[in-house]
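Chemist: Sequence:
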Amino acid sequence: MSREDFPGWHGTTIIGVRKDGKVVIAGDGQVSLGQTVIKGTARKVRRLSVKGSDVIVGFAGSTADAFTLLERLEKKLEATPGQLQRASVELAKDWRTDKYLQKLEAMLIVTDGKDLYVITGAGDVLEPEHDVTAIGSGGNYALAAARALMDSDLDAEAIARKAMAIASDICVYTNGKLTVETIPA
Numbered sequence: 016m017s018r019e020d021f022p023g024w025h026g027t028t029i030i031g032v033r034k035d036g037k038v039v040i041a042g043d044g045q046v047s048l049g050q051t052v053i054k055g056t057a058r059k060v061r062r063l064s065v066k067g068s069d070v071i072v073g074f075a076g077s078t079a080d081a082f083t084l085l086e087r088l089e090k091k092l093e094a095t096p097g098q099l100q101r102a103s104v105e106l107a108k109d110w111r112t113d114k115y116l117q118k119l120e121a122m123l124i125v126t127d128g129k130d131l132y133v134i135t136g137a138g139d140v141l142e143p144e145h146d147v148t149a150i151g152s153g154g155n156y157a158l159a160a161a162r163a164l165m166d167s168d169l170d171a172e173a174i175a176r177k178a179m180a181i182a183s184d185i186c187v188y189t190n191g192k193l194t195v196e197t198i199p200a
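Here the numbering used here is used: position 98 in the sequence shown is 113, and no number is missing along the way.
These are calculated hints, taken from the structure and not from any lab test. Keep in mind that this is a model prediction, so the values were computed, not measured. Some hints here could point you the wrong way.
What the hints assert, rightly or not - Below are the BS3-like pairs computed for lysine-lysine, each with C-alpha atoms no more than 27 angstroms apart in a straight line:
1) K118 - K54
2) K129 - K37
3) K54 - K66
4) K108 - K90
5) K108 - K66
6) K118 - K90
7) K66 - K90
8) K129 - K66
9) K114 - K90
10) K37 - K66
From just these sequences and the hints, can you work out the full model?
Modeler: Structure below.
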């Protein structure tokens, strides 16, 4: 069976919100195969502790591919302690140029509390303009909702939770079973 014959895994909405000295990454728990929900409680947001610094990572896409990228990111962070931007750029360069890594199908949102980035296999390390970023099937719904809420009195976590609730009401590949990790700036 070729990849084109496979109905395809869908799912995931991951959002990163930075507001008032706090950064939150939240992700839903749904994994779907075609039109079937395979799992509703997957954990797609992880905390990495490398050489005394905390980094939170949320991923969308293939789980095995994302874990491969998480391992590579950890190695980059070990080589450049406290330099998330540099580690992210080095990961993106490897991902873009290494023939094995080029086949990986995932995206990452990463933060150390100071910086917030989306890392893609196209070699991108993107910093959001409005302190909100989102990836995955429901990412655009969550992004729009969070951007609308940024001027409210809600804190970063409340914005992320509300945006994820809105995305889960709209996107059939997103559910309301969240993993939320917070890190101070």
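Chemist: Would the hint linking K54 and K66 be met if the CA-CA limit is 27 angstroms?
Modeler: With Cα atoms ~33 angstroms apart, K54 and K66 exceed 27 angstroms; violated.
Chemist: Can the restraint linking K118 and K54 be considered satisfied, given a maximum Cα separation of 27 angstroms?
Modeler: Holds - the C-alpha atoms of K54 and K118 are around 24 angstroms apart, at most 27 angstroms.
Chemist: Is the hinted pair K108 and K90 satisfied, with a Cα-Cα distance of at most 27 angstroms?
Modeler: Roughly 14 angstroms separates the two Cα atoms, so the pair holds.
Chemist: Are the Cα atoms of K37 and K66 separated by 27 angstroms or less?
Modeler: holds (21 angstroms)
Chemist: Take the C-alpha atoms of K118 and K90, compute the straight-line distance between them, and say whether it is at most 27 angstroms.
Modeler: holds (20 angstroms)
Chemist: K114 and K90: Cα distance at most 27 angstroms?
Modeler: Holds, because 19 angstroms separates the two Cα atoms, which is no more than 27 angstroms.
Chemist: Given the proposed pairing of K108 with K66, does the C-alpha separation stay at or below 27 angstroms?
Modeler: Measuring from Cα to Cα gives roughly 23 angstroms; hence the hint holds.
Chemist: Would the hint linking K66 and K90 be met if the CA-CA limit is 27 angstroms?
Modeler: Between K66 and K90 the Cα gap is close to 11 angstroms, so the pair holds against 27 angstroms.
Chemist: Quickly compare the C-alpha distance for K129 and K37 to 27 angstroms and report which way the hint goes.
Modeler: It holds: about 9 angstroms lies between the C-alpha atoms, which stays within 27 angstroms.
Chemist: Starting from K129, check that the Cα of K66 is at most 27 angstroms away, please.
Modeler: holds (17 angstroms)
In summary, the structure is inconsistent with hint 3 from the numbered list given earlier, while agreeing with all the others.
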